[in-house]
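Peer 1: Each chain, written out:
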Amino acid sequence: DVKVTQSSRYLVKRTGEKVFLECVQDMDHENMFWYRQDPGLGLRLIYFSYDVKMKEKGDIPEGYSVSREKKERFSLILESASTNQTSMYLCASSLFLGTQYFGPGTRLLVL
Amino acid sequence: EDKVVQSPLSLVVHEGDTVTLNCSYEVTNFRSLLWYKQEKKAPTFLFMLTSSGIEKKSGRLSSILDKKELFSILNITATQTGDSAIYLCAVVGSGNTGKLIFGQGTTLQVKP
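Going down the list, the sequences are from chains A and B.
Per my numbering, residue 1 is the first one in the first sequence, and the count goes up by one each step.
Per my numbering, residue 1 is the first one in the second sequence, and the count goes up by one each step.
Since the hints were made in silico from the structure, they are not lab data.
Errors might be hidden in some of the hints.
[Stated by the list, open to error] Among the chain B residues that face chain A by a calculated CB cut under 8 Å, a handful are: (1) Lys41; (2) Ala42; (3) Pro43; (4) Ala85; (5) Leu88.
[As the list claims (entries may be wrong)] Computed cross-link-like contacts, DSSO-like style, restricted to lysine-lysine with a CA-CA straight-line distance of at most 30 Å: (6) B:Lys56 with B:Lys40; (7) A:Lys71 with B:Lys41; (8) A:Lys18 with B:Lys40; (9) A:Lys57 with B:Lys3.
Each residue gets a CB set at the ideal place from its N, CA and C atoms; glycine is no exception.
Use the sequences and the hints to build the structure in full.
Peer 2: As structure tokens, this is what we get:
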């Protein structure tokens, strides 16, 4: 079974803080993705990576950066958290063009 | 611009009813369409459809793709309260990275 884990289920941060969200997959997948999910807007892609040290912007990359130093790990960084980044963050991984498998999600609240 | 639209956005039914969820898409270089079910956690994979007219089935759930008319439907028969969830449709389009374009989701509530 594919397993995708995320470092935290719930997180509360203050405006201006630097926030790290980590995602780890154990299936040797090439592709990894970060989404945010907001009511009425569905899942929106923030960044994705198709190989170690490779990354591409998704639909809403502003205010975020990512890091992929090892194949199994993909980190999402909020350089200076803002209240409009309060959301559910979902990580996913897939083989090349394969089905994406999701982690359990991190609910982030920025005060 | 690539787009995936689901309808209805929300639906309330009673146990035993049959429901049909719709997903239409406009995507460059369509590769495949996926359905996910999301309860109070991560989306879980249901079906991947790549060929027109071939029904995929899993228990009470089934799905079919029409590549000519650019849509897919997800059917759930004899609904149960455990079917209550958000159902997400996503399409793999242009490029070779497996990037998914998601619809807004349909929230289904099944009442006892």
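Peer 1: None of the hints should be skipped; say for each whether it holds.
Peer 2: Results of checking the hints against the structure:
no.: 1; hint: Lys41; in the structure: holds, 5 Å
no.: 2; hint: Ala42; in the structure: holds, 4 Å
no.: 3; hint: Pro43; in the structure: holds, 5 Å
no.: 4; hint: Ala85; in the structure: violated, 14 Å
no.: 5; hint: Leu88; in the structure: holds, 7 Å
no.: 6; hint: B:Lys56 with B:Lys40; in the structure: holds, 25 Å
no.: 7; hint: A:Lys71 with B:Lys41; in the structure: holds, 24 Å
no.: 8; hint: A:Lys18 with B:Lys40; in the structure: holds, 27 Å
no.: 9; hint: A:Lys57 with B:Lys3; in the structure: holds, 18 Å
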